[in-house]
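Engineer: Sequence:
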Amino acid sequence: MSGSEHERIQDREDTMTHLDGAVLAAIRHHATAILPDLKPGDFVPGITLAELGLNSVDRSEVVTNVMDDLDVLVPITEFRQAMPVADLVDLFERYR
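FYI, in my numbering the residues of the sequence shown are 325 to 420.
A few of these clues could be false.
Stated by the list, open to error - Just the calculated beta-carbon pair ranges, DEER-fashion:
# : residue 1 : residue 2 : range
1 : D361      : T401      : 25 to 35 Å
2 : H353      : E375      : 13 to 23 Å
3 : F403      : G377      : 15 to 25 Å
4 : A349      : T372      : 13 to 23 Å
Unchecked claim - Below, simulated SDA-like cross-link-like pairs (lysine to any residue); rule was C-alpha separation at most 25 Å, straight line:
#  : residue 1 : residue 2
5  : K363      : M391
6  : K363      : V381
7  : K363      : M407
8  : K363      : G345
9  : K363      : D393
10 : K363      : S380
11 : K363      : A406
12 : K363      : G377
13 : K363      : S384
14 : K363      : D382
15 : K363      : P408
16 : K363      : L415
17 : K363      : A374
18 : K363      : D411
19 : K363      : T388
20 : K363      : Q405
21 : K363      : A349
22 : K363      : D414
23 : K363      : R352
24 : K363      : F403
25 : K363      : N389
26 : K363      : T401
27 : K363      : V387
28 : K363      : A350
Just so you know, the hints here were simulated from the structure itself, not pulled from any lab data.
The structure presented is a predicted model; accordingly, all values stated were derived computationally and were not measured.
Positions of the beta carbon are idealized from the N, C-alpha and C atoms, including for glycine.
From just these sequences and the hints, can you work out the full model?
Structural biologist: Laid out in structure tokens, this is it:
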């Protein structure tokens, strides 16, 4: 693993640790409401909601419910396909 790749992974881990609050809790809450077998430890920085087993409708529901919980409006153009959990946390944090 190159130095910059290792730094990027470490930054994501730091982000997830730092933001292990309202945003990540909301994502976990709504994802596990749909897929109850998910565990908090499943939500690692680089994993996507699709990799956790959520289909496109499920992912849309999670995103919508998280925006409602946080009382934020993130433009749909900000979301991209296969967005890792850490990126979702960062995105919601930018609009809080």
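Engineer: Just to be careful, I want the Cα atoms of K363 and V381 compared with a cutoff of 25 Å; is the pair within it?
Structural biologist: Answer holds: K363 to V381 is near 20 Å, not above 25 Å.
Engineer: Would you check the hint for K363 and G377, treating anything up to 25 Å between C-alpha atoms as holding?
Structural biologist: holds (12 Å)
Engineer: Starting from the hint 13 to 23 Å, judge whether the C-beta atoms of H353 and E375 obey it.
Structural biologist: holds (18 Å)
Engineer: Compare the distance between the alpha carbons of K363 and T401 with 25 Å, and conclude whether the hinted pair is satisfied.
Structural biologist: violated (29 Å)
Engineer: Verify the proposed pairing of K363 with M407, using a straight-line Cα cut of 25 Å.
Structural biologist: Since the Cα atoms of K363 and M407 sit roughly 19 Å apart, the hinted pair holds (cutoff 25 Å).
Engineer: Checking one constraint from the list: CA of K363 to CA of D382, max 25 Å. Satisfied?
Structural biologist: The given pair, whose Cα atoms are some 17 Å apart, holds under the 25 Å limit.
Engineer: Verify the proposed pairing of K363 with A350, using a straight-line Cα cut of 25 Å.
Structural biologist: Within the cut-off at roughly 14 Å; holds.
Engineer: When you check the alpha-carbon spacing of K363 and A406, does it fall within 25 Å?
Structural biologist: holds (20 Å)
Engineer: Would you mind confirming whether the straight-line C-alpha gap from K363 to D411 stays at or under 25 Å?
Structural biologist: holds (19 Å)
Engineer: Hinted pair, alpha-carbon criterion (25 Å max): K363, D414. Please report holds or violated.
Structural biologist: Within the cut-off at roughly 21 Å; holds.
Engineer: Is the Cα-Cα distance between K363 and D393 25 Å or less?
Structural biologist: Holds: K363 and D393 sit about 20 Å apart, inside 25 Å.
Engineer: Is K363 close enough to T388, meaning Cα to Cα at most 25 Å?
Structural biologist: holds (21 Å)
Going down the numbered hints, you'll see the structure goes against just number 26.
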